[in-house]
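Could you build the full structure based on these sequences and the hints that come with them?
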Amino acid sequence: MRTLKLQVQISVDGFVGGPKGELDWMQWDWDDELKKYVDDLTDSVDSILLGRKMTEGFISYWSSVITDANNPEFDFGKKMIDKQKVVFTKTLKKSEWANTVLAKGDVVQEVNELKKQPGKDIIVYGGANFVSSLIKNNLIDQLYLFVNPTAIGNGLSIFNDRTNLKLVKSIPFSCGIVLLNYKPQKNK
Amino acid sequence: MITEKINTKELSASLAKTTSGLLQLVSSFSEKEINTIPFKDSWTAAQVAEHITRSNIGITQALLKEGKTSSGNADERVQELKELFLNFETRLQSPKFILPTQDIYRKEIVIRYLQKSIDQLKQVSNKINLFETVSHPALGEITKLEMLHFVVYHTQRHIHQLKKIFQITATKTKNPMRHIISFMHVSLDGFVAGSRGEMDWITMDDEIFEDAINLANTVDTALYGRITYQMMESYWPTVLINPLSTKNELYHAQWVEDIHKIVFSKTLESVEWNNTILIKENIEDEITKLKQQPGKSMMIFGSPRLTHSFMQLGLIDEYRININPVVLGDGIPLFKNISDKINLKLLNTKTFKAGVVGFRYETIK
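As they're listed, the protein sequences go chains A and B. Per my numbering, the first sequence starts with residue 1, numbered consecutively. Per my numbering, the second sequence starts with residue 1001, numbered consecutively.
Everything labelled a hint here was simulated from the structure, so no lab data went into it. Keep in mind it's a predicted model, so treat the numbers as computed, not measured. Backbone N, C-alpha and C define an ideal beta-carbon position, used for all residues, glycine too. Treat the hints loosely; a few may be bogus.
[What the hints assert, rightly or not] Cβ-Cβ distance ranges computed for the label pairs, FRET-style: (1) B:T1173 / A:D46: 52 to 58 Å; (2) B:T1203 / A:K104: 38 to 44 Å; (3) A:G119 / B:K1291: 57 to 63 Å; (4) A:E33 / B:N1343: 18 to 24 Å; (5) A:E73 / B:I1057: 55 to 61 Å; (6) B:K1291 / A:K20: 33 to 39 Å; (7) A:E33 / B:G1314: 28 to 34 Å.
Pasting the structure below:
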């Protein structure tokens, strides 16, 4: 069965965005090792899950990146556009984007269906509410949290109730970001 | 004429000796030491050197002025200058025009300018009539001979000062200012306790305990808020006399007993525990004083509310955060009411077998 991976940038105090979703606390200057790590993680998946709200921004951002072959994000943008995207929505009628399908049913059923299909793993990047509902429903199999060297005091959280996790590994990167890789403990 | 009896050879020998002593002393400061403020309201060594350089340039200019032949003894004021500048007990005020101008200097440049000012001064003094009187903006009516004496005594005064500065800055740079470390066990979502104060989620095994003991051994002062202090005070002394205490517990109980403890509380009237002092107000001033004293780092144990106050005052230099593999969802956050982001520099991490990851960060100020 395919696994669902969460990849997200997080502050030292556990937020994925400022109170209004600000990302100005993030460390953008990644070292090569971190870039390689994220590249490999990206290559391990062939599908991306998106909440309806962030879909528009996500697709238009990467579409504009790949119009310029000199853009340093070009290769990554190409992957984002080429991979299959599954947009979770109750309101949209049909998808207007390339390589994108809609999932309109119950989140748990839809995700479990996707996991049963053949192929590489599945990944989700955000946004906060969507990821939060995936965690709440025990759908995430692997958490890849990239801890940025900043505390912001307040903001958007992806976590809900008290849950135990199992640490798989942690990797410090020279740019100051630390990967914390967890599996949820599904003992309930 | 009386003036002819004055031995100018001795003067130039003493000028040469004093100025080369000065240059040697200034060179012995490291790049960091030369810019270190030794104590409050003092100049740095680099600032002293700039002051002397500017004074030398002023004297050289005065020496080059055309003067009147001295009417009295050309060395009349020498004794007065000597007594004034070599009395290290009195505090003299520098005239404004030779006050230092910068905060940070490059050592190489400081020395180059100082050397140049000395060379020019010596050069000029060799080819002028020392028995003329001129007017100097700070020294008034003075003979050129007296001015060279001034240079010797003024320089000697600052050599005395620089030696003191050297001792202090050398110790300071070898033992940098004491750090304040916050050491906390937190959940993945940033809480130090659950919403009802729960701490049952904190993983504590031998490996993590040992790491905490090693960390505790790097500090010589423990800082507590009132609540944590009262908990510690009523618990650890009982461990020492409890026959069932484990080796680790006994070790830590003795450590807590012996360590220098500071309690911050507005409401406590007094503290009874061994080696404990109470600070009731002016946290910031008290901490600044403590940081300037010699010693090892100081660590805040537990005490989330005290940590928040310190955080808001920007007093925490280092964070040791043990992130536990658990989400709490709600509780008392480690980072609270911070006016702006706190930017940190990752020093290292340590992964414990139990799934806890220890982060060591330095605050970027």
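Of the hints stated earlier, which fail here? none
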